[in-house]
Each structure stands twice: as C-alpha cells, then as structure tokens.
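**Q** Per UniProt numbering, the sequence shown starts with residue 1, numbered consecutively.
Just so you know, the hints here were simulated from the structure itself, not pulled from any lab data. Note that the structure is predicted; figures quoted are calculated from it, not measured. One or more hints might be untrue.
[To be verified] Estimated spans, in silico, between C-beta atoms of each pair: (1) Arg23 with Ala151: 37 to 43 angstroms; (2) Asp21 with Thr83: 26 to 32 angstroms; (3) Ser78 with Asn150: 30 to 36 angstroms; (4) Ala22 with Asn48: 16 to 22 angstroms; (5) Pro108 with Phe32: 41 to 47 angstroms; (6) Pro108 with Pro63: 18 to 24 angstroms; (7) Glu45 with Ser156: 23 to 29 angstroms; (8) His29 with Gly157: 32 to 38 angstroms; (9) Gln134 with Glu45: 35 to 41 angstroms; (10) Leu39 with Pro108: 35 to 41 angstroms; (11) Leu103 with Glu45: 42 to 48 angstroms; (12) Arg59 with His29: 19 to 25 angstroms; (13) Phe155 with Ala37: 20 to 26 angstroms; (14) Pro43 with Arg82: 14 to 20 angstroms.
[As the list claims (entries may be wrong)] Calculated lysine to aspartate or glutamate pairs in the EDC-like style (CA-CA distance at most 16 angstroms, straight line): (15) Lys40 with Asp86; (16) Lys40 with Glu88; (17) Lys40 with Glu87; (18) Lys125 with Asp105.
Even for Gly, the Cβ is constructed at its ideal location relative to N, Cα and C.
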Amino acid sequence: MRAQPALPDYPSNSRCFVHLDARLLPHWHSLFDICPALLKLDPPEGLNLFRAFMTWAYRNQPPLDWTYHLNVCRWLLSSAYRTQIDEEPIEAFMAAAAARWVLTDDSPAAGIVLSWRDCTLFDWKGHPSIATQQPALPAPAWDFAWCPLNAQGTFSGWLPVP
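Could you build all of it, start to finish, from the sequences and the hints given here?
**A** See the structure below:
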C-alpha cells in the first residue's frame, strides 16, 4: 500500500504575498527554477505571476506529487498569461513531472510517457532498455495524459492525469 503524500501547505494569508517570506520560497523555486523563462512574462522577479499562481494553488490544492508540475501547466494555460505561453514552459514542466515520477514511482514500470497536444515526452528509470526511436502514439482524450511503460517500452494506452 502506498503512503499518501502530505497535504500541500499553501499559505492563505495574503500578507505573505507582499514579500516572499520563507514559507513561500519553495513554491517560488518550484516555478522559476524549473522554467526561468516565466520571469520574462512578469519581470523582474515574477511576483505578479507568483501571486496569481499561489492564489490558484490555495484554492485548488494541487498535490505535491509527480503531477504537481502538470497542474502548473494547467494553471498557466488557463491563467491571464495563457496568450504568452508557448511550448517552452510546458515542455520544461512536463520534463520536471516525468523526472519526479522516475524518482518516486515504486511500481514495476520502467518508464513513463507524457503527452500534451502533439508533444510527447519519455523518461526512464535508469537507462532505457529500448531503442531511442519511439513510435508515433495516438492522441490522448485529455489535456495531459500519461502512460507507464514496461522495460520494452510497450504503450498500453493513455491515462488521464489527475
């Protein structure tokens, strides 16, 4: 049985957002360390973008598991910044989600494939045991989808990202 991850601790006190206090720094880094290009959307420090994200995070409580960065993508694509979002930040956050899955997954799966629109991203626990050429995959039915892969890289169908 898998242990449930700790519930997120998103501060609700709006005074925390005036300046970045120590409790907010991990959340700030979870955005801007993964994708520094976000700072270009709200120079110089991304504080307005960060405040909007934290307000959304407090309301929606995205889990702090491997799906966290995909939920950041969902927020970006529905935020006031959506018209300025291209593939770069989405791919960066997809890579972060896949890497976190690789580091935390305890299933027998050997890898993961993530999908958004026509972008697919593969990641593996250890070195991939299959050829680096991946087959074309069907379009998923959801905004973001994933599939665990066995050691042969067998695709078994898209699953929705919770």
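**Q** Mind listing which of the numbered hints don't hold for this structure, in increasing order?
**A** 5, 7, 11 and 13
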